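Novice: Given only the sequences and the hints, what does the whole structure look like? Please build it.
Protein chains: 4
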Amino acid sequence: MCRWLAYSGSPILIEELLYKPKHSLVDQSLHSKLGAETTNGDGFGIGWYGVGETPGVFHSIEPAWNDRNLRNLAAHLEAPVVFAHIRASSGSPVQETNCHPFCHGRWLWMHNGLIRDFTKVKRDLALAVDPELYPEIEGSTDSELFFYLALTLGLEDDPPGAVERAVGLIEATGKRHGVEHPMQMTVATSDGEQVWAFRYSSEGRSRSLFYSTDVRTLRAQYPDAPVLQLVSDESRLVVSEPLGDLQGAWNEVPESSWGVIREGQDDLQPFKPRAPS
Amino acid sequence: MCRWLAYSGSPILIEELLYKPKHSLVDQSLHSKLGAETTNGDGFGIGWYGVGETPGVFHSIEPAWNDRNLRNLAAHLEAPVVFAHIRASSGSPVQETNCHPFCHGRWLWMHNGLIRDFTKVKRDLALAVDPELYPEIEGSTDSELFFYLALTLGLEDDPPGAVERAVGLIEATGKRHGVEHPMQMTVATSDGEQVWAFRYSSEGRSRSLFYSTDVRTLRAQYPDAPVLQLVSDESRLVVSEPLGDLQGAWNEVPESSWGVIREGQDDLQPFKPRAPS
Amino acid sequence: MCRWLAYSGSPILIEELLYKPKHSLVDQSLHSKLGAETTNGDGFGIGWYGVGETPGVFHSIEPAWNDRNLRNLAAHLEAPVVFAHIRASSGSPVQETNCHPFCHGRWLWMHNGLIRDFTKVKRDLALAVDPELYPEIEGSTDSELFFYLALTLGLEDDPPGAVERAVGLIEATGKRHGVEHPMQMTVATSDGEQVWAFRYSSEGRSRSLFYSTDVRTLRAQYPDAPVLQLVSDESRLVVSEPLGDLQGAWNEVPESSWGVIREGQDDLQPFKPRAPS
Amino acid sequence: MCRWLAYSGSPILIEELLYKPKHSLVDQSLHSKLGAETTNGDGFGIGWYGVGETPGVFHSIEPAWNDRNLRNLAAHLEAPVVFAHIRASSGSPVQETNCHPFCHGRWLWMHNGLIRDFTKVKRDLALAVDPELYPEIEGSTDSELFFYLALTLGLEDDPPGAVERAVGLIEATGKRHGVEHPMQMTVATSDGEQVWAFRYSSEGRSRSLFYSTDVRTLRAQYPDAPVLQLVSDESRLVVSEPLGDLQGAWNEVPESSWGVIREGQDDLQPFKPRAPS
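Chains as they are written, first to last, in my numbering: chain A, 1 to 277; chain B, 1 to 277; chain C, 1 to 277; chain D, 1 to 277.
Check the hints yourself; a few may be wrong.
The list treats identical chains as interchangeable, and a pair is accepted whether it falls inside one copy or across any two copies.
[Stated by the list, open to error] Restricting the straight-line Cα-Cα distance to at most 16 Å, the calculated cross-link-like pairs of lysine to aspartate or glutamate (EDC-like) are:
hint, residue 1, residue 2
1, K120, E132
2, K120, E136
3, K122, E138
4, K175, E53
5, K120, D130
6, K120, D214
These aren't lab readings, by the way, just hints derived from the structure by calculation.
Remember, predicted model here, so these are calculated numbers, not experimental data.
Specialist: Below, the structure written as structure tokens:
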């Protein structure tokens with residue numbers, strides 16, 4: 001449905017992530033190889049942490065491949081944590097408020113996949129959002145509503161637990177409405193310090209997700225690759241589909257799992273939806 | 001907040017309504033005289049009944065004054081019932097799904113004014129929408145939600161009654177949340193056969209609304225005005241503020257009243273919100 | 001680079017042309033089979049002759065596949081001559097003034113292909129435009145400049161001759177700047193009465209172009225196809241790539257040729273660029 | 001026609017310039033006091049020098065007042081030299097390639113005013129542009145063509161001289177076509193090190209232009225104004241109309257003059273168009 005990329009590491013010019021690699025995310029907007037759709041032209045967005053308390057966000061309803069503002073901003077923005085998302089709408093309108101990453105306070109959120117039969121469950125899920133948060137929902141996507149459910153269920157305190165609870169609630173709601181496989185997702189979220197990534201689907205056949213091999217290992221393997229000299233040891237990318245053409249640079253995130261990228265040791269854990277009691 | 005125009009009569013080229021008159025609606029997008037805002041540049045929309053079962057609708061997030069598609073469509077579309085609306089956002093995003101007129105089946109709806117403290121009451125009002133209709137809400141405005149409340153409360157069978165019930169509900173909900181004057185509105189709605197117009201506000205000081213004097217009377221008064229020869233006896237305009245410069249051409253719609261334009265006798269009645277029981 | 005469709009015949013609802021057929025032009029915006037690019041998402045345009053002296057035109061910088069205004073207009077506009085074009089930019093910006101069909105007076109023009117090494121020859125070609133017409137050029141494409149060269153060289157009096165002269169001029173200019181194959185094109189133009197279509201390239205391997213088989217022949221072959229009952233005997237489509245799935249419905253326009261569609265006998269002739277003397 | 005702002009000084013968050021002051025540039029997009037038009041809603045642009053060799057540029061066809069991307073970028077971009085421009089079109093289309101500031105290499109350029117009877121002189125002026133530069137012209141405004149004339153006539157080596165020669169050429173060309181007062185302008189241009197500002201019109205009644213009083217003087221006058229503590233001694237603003245409400249903070253740029261802002265001593269000189277020989 002969509003493709004995304006999350007970077008955490010030493011500050012990097014966004015164009016190094018979005019334009020420079022072979023089969024970059026911007027290339028994928030025209031020609032995705034692993035996506036459910038080959039074209040992801042229904043708007044895009046980037047988010048980054050830099051100047052200011054909250055992350056910067058730029059959303060556009062144009063396709064990414066020819067967008068001059070994106071190209072220009074990418075060449076002039078540098079950040080240690082970058083989110084980028086290209087959208088293939090599964091039905092909701094192409095408008096900036098439906099573009100990822102969504103932002104709430106310090107938090108960014110982006111999603112590839114869908115809540116199946118969303119029109120059947122939308123109202124019940126909207127009711128489950130904290131009434132204080134409800135008026136902040138601006139768009140009409142399943143992805144943004146999912147974000148507000150996660151916020152309602154504790155995202156800011158316990159991201160993995162909150163996403164497990166949100167997915168449990170969505171699955172329970174879907175089942176009540178006769179939806180066989182309510183959830184299909186890869187998700188990234190961040191508070192600017194850490195990045196969490198999730199891969200899960202009710203049917204156990206989730207959208208593709210990859211994380212980059214440790215930079216030190218790659219450097220030893222490719223002593224002549226200049227980009228590997230640019231970034232710090234702890235820099236890491238999580239992507240819907242591999243960029244570039246370095247053998248061994250990418251590892252698949254296993255089915256039904258989540259991981260966290262942060263200074264020090266990364267972590268990869270099983271993802272288990274928690275049904276509401 | 002906005003300005004609008006509703007026409008019913010013999011088929012007319014839309015540019016005759018939107019561009020030709022002095023102080024036309026397109027002029028008002030830059031320089032409104034009577035509006036709460038002088039500039040109404042946050043998108044626009046037109047709706048018309050012609051070819052096809054449902055009305056045609058064109059929405060844009062550009063200001064009307066320089067929009068080439070609007071100018072071109074207006075010069076090439078002719079219709080017996082035309083709605084046009086220019087928007088000054090009271091906070092919700094400028095996106096096509098927030099542009100009036102809203103459309104549901106054969107029905108068009110447009111609104112000037114606001115539901116006050118909308119963020120306080122939005123969730124309660126959304127819950128009051130028929131769950132079957134709820135997933136069809138595409139934007140985030142008070143005006144569209146008001147339309148869906150009216151549809152829920154019988155708009156298609158009894159437009160004046162449904163709008164009175166919707167306003168009663170909105171006022172009751174607002175009062176419950178401590179809002180002093182929950183409703184400010186002029187509204188037009190149509191099924192393509194008749195056009196209903198409403199003027200009301202909780203505080204009894206409603207946005208301006210005018211209807212055109214009977215064409216036969218005007219023709220007698222201005223035998224040399226060409227536009228008056230073009231249109232049928234029963235043609236009628238309802239507008240947020242007067243167009244053109246014919247003395248006596250416009251009558252103010254009284255406070256707290258509604259009217260209907262149709263073949264035969266028009267009708268003007270008091271508007272009385274009906275609180276939910 | 002682009003895909004287009006030209007219709008001439010009995011008045012038809014535009015959605016019958018753009019949305020209803022299998023592999024419709026709107027489908028081709030996402031997944032073209034024969035185009036130089038599989039995705040044609042850099043804006044689109046339609047033109048039609050109906051109400052008013054000049055043709056109606058609607059341009060948008062959004063991809064066609066998800067554009068709600070296009071879908072809505074297509075369902076509410078009926079015309080005897082319809083042009084539609086989906087764009088894959090060969091470099092110039094995605095903006096409405098670069099969307100086809102271009103319009104001048106009663107004339108519409110659309111182009112698939114390119115003037116090669118356009119930056120090398122742009123200035124010389126711009127100088128060759130009639131100084132009276134020069135200020136009317138609004139965009140920055142090779143296609144619009146080509147239109148103004150054809151207008152300069154007599155398009156309104158002798159369309160095939162003017163296009164042959166324009167291409168002769170473009171080829172001579174290109175050669176002077178060392179361009180090997182200056183011209184690649186399929187073109188459609190109309191004054192609302194007749195439609196002319198052209199297929200040519202300097203290298204003799206032109207972009208694909210097809211015209212529909214005579215409706216009477218098709219009706220005899222497919223007595224149960226409802227769309228064939230809808231349209232008049234003389235209705236005709238010219239398209240970049242075939243729509244629908246009727247065997248025998250499409251004929252390739254030969255290399256280096258032009259044709260005209262009009263009431264009575266159509267005509268197909270060789271296309272021979274005429275170099276400036 | 002337009003309004004603009006140029007800042008040079010210690011690095012500042014762009015929102016401090018665009019949103020925070022009373023009667024800020026974004027306020028002026030809705031309600032200009034001194035402009036030829038009260039509404040400047042036909043697109044906007046910002047340019048800044050920061051990361052990278054060339055300035056960053058962001059252009060939009062939306063009105064500035066409600067643009068969420070502008071608000072978000074302004075809150076997350078910090079730079080020592082900032083240009084911002086809000087547009088009221090004098091006829092050319094509202095598209096990103098017509099938004100200021102224009103960029104060429106390290107140079108930014110923005111203009112308020114117009115080349116009068118532009119359609120009469122456009123072709124002659126286009127011919128005067130260096131043929132190497134000609135293909136880089138992307139939009140259709142008088143302002144961008146003016147920039148390319150200045151570049152042709154030596155902007156990068158001698159900005160004041162090049163602008164004097166460009167204006168001389170424009171005036172001579174206009175006169176030849178019978179235009180009484182060919183030029184009306186305020187202009188800002190920068191290479192990232194210095195900012196040049198110009199005020200001139202053929203008729204000697206130029207659009208308004210102001211520069212800020214020396215920060216040290218202001219600080220002494222307003223010891224409690226926090227913004228004056230934020231910026232360095234040499235920070236300076238040039239604006240189409242005054243921001244804020246500090247008495248004595250603004251000085252009018254005299255008729256027919258230019259100035260340069262740089263480290264060390266600023267400079268103010270008479271502006272004298274130089275006719276082509």
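Novice: Decide, hint by hint, whether the structure agrees.
Specialist: Hints versus structure:
no.: 1; hint: K120 <-> E132; in the structure: between (24 Å within a copy, 9 Å between copies)
no.: 2; hint: K120 <-> E136; in the structure: between (22 Å within a copy, 11 Å between copies)
no.: 3; hint: K122 <-> E138; in the structure: both (14 Å within a copy, 12 Å between copies)
no.: 4; hint: K175 <-> E53; in the structure: neither (40 Å within a copy, 37 Å between copies)
no.: 5; hint: K120 <-> D130; in the structure: between (20 Å within a copy, 13 Å between copies)
no.: 6; hint: K120 <-> D214; in the structure: neither (43 Å within a copy, 47 Å between copies)
Figure legend: structure checked against the earlier numbered hints; hints not met, in rising order: 4, 6.
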